[in-house]
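Note that the protein sequences, when read in sequence, are chains A and B.
In this text, residue positions in the first sequence follow UniProt numbering: the first is 1, and each later residue adds one.
In this text, residue positions in the second sequence follow UniProt numbering: the first is 1, and each later residue adds one.
Simulated from the structure, these hints should not be mistaken for lab results.
C-beta: ideal position from N, C-alpha, C; glycine also.
Mixed in with the good hints, there may be bad ones.
One side of the interface only, derived from the structure: several residues of chain A facing chain B at Cβ under 8 Å [said to hold, decoys possible]:
no. : residue
1   : Leu87
2   : Leu102
3   : His113
4   : Tyr117
5   : Val196
6   : Tyr231
7   : His235
8   : Gly239
9   : Val361
10  : Ile550
With a straight-line Cα cutoff of 30 Å, these simulated BS3-like cross-link-like pairs (lysine-lysine) come out [as the list claims (entries may be wrong)]:
no. : chain 1 : residue 1 : chain 2 : residue 2
11  : B       : Lys109    : A       : Lys334
12  : A       : Lys355    : B       : Lys61
13  : B       : Lys61     : B       : Lys28
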Amino acid sequence: MSPSVRLQEMIRVIRGARTQGEERGVIQRECAAIRAQFRQADNGTRSHNLAKLLYVHMLGYPAHFGQMECVRLIASPRYNEKRVGYLGAMMLLDEKQDASLLITNSIKNDLSHSSQYVQSLALCTLGCMGSAEMCRDLAPEIDRLLRASNSYIKKKAALCAVHIVRKVPELGELFTPASRSLLSEKNHGVLHGAVVLITELCERNPDTLEQFRKAVPELVQIMKGLVMSGYSPEHNVAGISDPFLQVRILRLLRILGRNNDTASDAVNDLLAQVATNTDSSKTAGSAVLYETVLTVMDIKSESGLRVLAVNILGRFLLNNDRNIRYISMTSLQKIVQTDHNAVQRHRGTIVDCLKDQDASVKRRALELSLALVSAVNIRSLMKELLLFLSSCPPELRAHTTSGIFNAAERYAPSQRWHIDTILHVLTTAGGDVRDETVPNLIQLITTATELHCYTVHKLYRALVTDISVQSLVQVACWCIGEYGDLLLRGECEETESVQVAEDDVLDALETVLQSHMSSPATRGFALTATMKLSTRITHNVDRIRSIVSIYGSCIDVELQQRAVEYNALFKKYDHMRAAVLERMPVIDKSSPGHTNGESTGGSIKDMEPTKRTQEVVLPQEPANQVCDLLDLLGGSGEPPQPSPALSTTALGPVSSTAGGDLLDLLGGLDVTPVPPSVIVYEKNGVTLKLQTDKQTDTGMTITLTATNSTDRDITSLTLQAAVPKSVQLQMKAPSGDVIPAHGLGQVTQTVLLNNPNKVSLKMRVRVCYTSQDVVCQDTVQIDSFPSPAW
Amino acid sequence: MMHFLLLFSRQGKLRLQKWFTPIPEREKKKIVRDMTTMVLGRKPRSCNFLHWKDLKIVYKKYASLYFCCGLDAEENELLALEVLHRYVELLDKYFGNVCELDIIFNFEKAYFILDEFLLGGEVQETSKQVVSRSIEASDMLQEAEVDNSDYDLELGWP
């Protein structure tokens, strides 16, 4: 066995190891030697072997085999062995180890040792790692020491008692009487320990708290003594007499004064005194002032004192020391709700802190600034926030943008300001905004009707400059699609007029479509916008046609679907194109149409990309009837036909989409013997009849027949139906949209109703037609249906 | 209360660890790793306060050593800075112009001094002189024992 080296020699050797492997080798050898030594009888080297082991432990190597050695050393009569033993116990034994119980007896003996330094070792160890068991065992001993010993032991016993109370709260009652008497001690160490113990007792037991409220005057006296006393060399720290004790007393006063008027009154003067007399040029003084401010804000202090406290925090904000600025802001954050006006006075300083170098300070300043936004200061504060956004660290951006949006939404002085602000945020930090920003902004834009021209010009300019920010590009595309006519018109009161050519606009949209920077959603926006422009521009419709047809074979399924549908709109349903692509009505934020309602039957063509949830806007029902009729749309595979007038580009009759549906057989019912039908509408020579073809428990099939008794053909006939909410409606294709004159022909349309909840069936039908070059529109309510033919 | 006090070098080597709450060994290692990463990653002129889980972390750099402690949420951070400073002053008084090597080669002394200043995570003595005197007295007691001992072996204490 190699001779064991001395502790410091070993440390030197370990540090000299050049690689991790070499170090491990040295340590393994040493540990083996130490283990061997432990097994031997007492040879006087135990303590320094344990010390070596503790060093090895600190480097991160296992040292559990030293636990029993700690127990043995603690039981040794020699002081140096005890010292190392107790140190080892604190490092290697915690309450989860079984060996910890073995030292209870040693501790008990040492607590009554003749030497105070041995007592101190025992107290320190108990206060550091004593388990609940040990605490229960030794609590009476500690209580005894609290009462009758010298101050050196008393102060340690007090903190040991604190540990016991934390571990076994019920034992708090045991220490209450002793702790009360400790307040009259003069020794600062004992006093400090007593205050900590009382604080702990009061926090855990409301009765004890009540009891110690009587001690408030005494505490005030002690505190006054500390504050007003002259220079005390023993306790002076940077001109403050014992800041540690002062802070603890202030904290205790806070707990005692909380929710209690008498106690709060008693300390009002003291707090004012401390606040005014404490020199805060160094950290010690600032610590005391900080605690004072916290106490003032937490107890029921008078308003003058509260203002004083907030002013102290304001002064802290101007301090050169970053730490002080930081804690000032955390405190202001806590009180900004309750003392809003007082904090507002320091808004300027807070906003300046946005420019601080330190990231934590910046974050605090941002939180505070957002909390201080009000209707009065919104404009100036927003300027600062936007400035901050352009240079803020990336981890704060998302928080800043959402904070700005919230503030803008609550306090926007005007719609234009609101839109400008959101656009500014999108241009600066569009990548960090929440997903709902795009639909929210679109909704906001639609409501600001006077600003459509201004908005679309601004967005167009933004789009032309930069297409990398997806949210901005999406909103811009939507606006250009929607308000493209205003853009092309050129004049706009709010901004300088710029002549924008149709080709420029289409170029911009095409760039978005083709750019690899654009996300699929963005491209969807761009394609739809391009399509919408087909009704808003005059010269380049063919260009749009070709764009749309190209994308009909796009790999992206969403784009492909849209392109194919738009293509169909160009080819087969061109007469409906203008109506389909018409201007959207104002989106009401809380209307049911704001979210994706149930679309009954067929592919309802969205006016906006399907990715967002609130796009499908259904035309509102004009009159309010009993049953809450939801949609006026139906049709299988046909585009929706919104009110009011359709385009009068009348084309030939639309052939019914057969589709091989079983029920289509009923479409040709007009040649069979006429079953009983009811006239539901008769006006201007147009007669609309309804007959029930089939009726089951949960649904029915009806046919609407329109005839014309006037001299001229009725053209552009459309029928729309609406039913109660739980009923499902499906309108088959009409046989045509021209009713020949003089009753020579008719138009029929089959309607399928599914009524699973068996509510009473009602239906409202809107009839639109052009008669003698006059567009007519009427609505009829059908409350009862004729029985079917069979 | 203070939950732990750590001293580590610029390279992240631990020089002292004092735990005031019972924590499993693995958890301790994780906390040490987290603290060293967080504190060593701070920019030079940042403020000395951090948040970690539900604790406030206060740290200060003295020469090549970082002093880092974890506190309850209601503790006074500025006072914690004073506590760290007081400990450094005590070490300085004891070793005379203390440097990292002193703490490496005499780590058990650093612990003894700490145990005279803090107990159970709280300050036990607010006077610098009283703490220093206690340490001296303990050391003298130890040496007296050594002198009176029967052993020839050098026990390796300085």
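Now for the hints, and whether the structure bears them out:
1. This hint holds: A:Leu87 has a C-beta 6 Å from the nearest C-beta of chain B, less than the 8 Å allowed.
2. The beta carbon of A:Leu102 is not positioned within 8 Å of any beta carbon in chain B (closest approach about 17 Å), and the interface hint is therefore violated.
3. Because the closest C-beta pair between A:His113 and chain B is about 12 Å apart, greater than 8 Å, the hint is violated.
4. For A:Tyr117, the interface hint holds, since its Cβ comes within 8 Å of a Cβ in chain B; the closest pair sits about 5 Å apart.
5. The interface hint given for A:Val196 is met, as the beta carbon of that residue sits about 5 Å from the closest beta carbon of chain B, less than 8 Å.
6. Annotation: interface hint on A:Tyr231 violated; nearest CB of chain B at approximately 14 Å, more than 8 Å.
7. Hint on A:His235 holds. Least Cβ distance to chain B is approximately 6 Å, under the 8 Å limit.
8. The restraint placing A:Gly239 at the interface with chain B is violated, with a minimum CB-CB distance near 13 Å, outside the 8 Å limit.
9. A cut of 8 Å between beta carbons decides the hint on A:Val361: the least distance to chain B is about 6 Å, and the hint holds.
10. Checking A:Ile550 against chain B by beta carbon gives a least distance of about 52 Å; that is not within 8 Å, so the hint is violated.
11. Distance hint between B:Lys109 and A:Lys334 is unfulfilled; the C-alpha atoms sit about 42 Å from each other, more than 30 Å.
12. For the given pair, A:Lys355 sits about 25 Å from B:Lys61 by alpha-carbon distance, which is consistent with the 30 Å threshold.
13. A distance of roughly 22 Å separates the Cα atoms of B:Lys61 and B:Lys28; the hinted pair therefore holds under the 30 Å criterion.
The structure is inconsistent with the numbered hints 2, 3, 6, 8, 10 and 11, although it conforms to all the rest.
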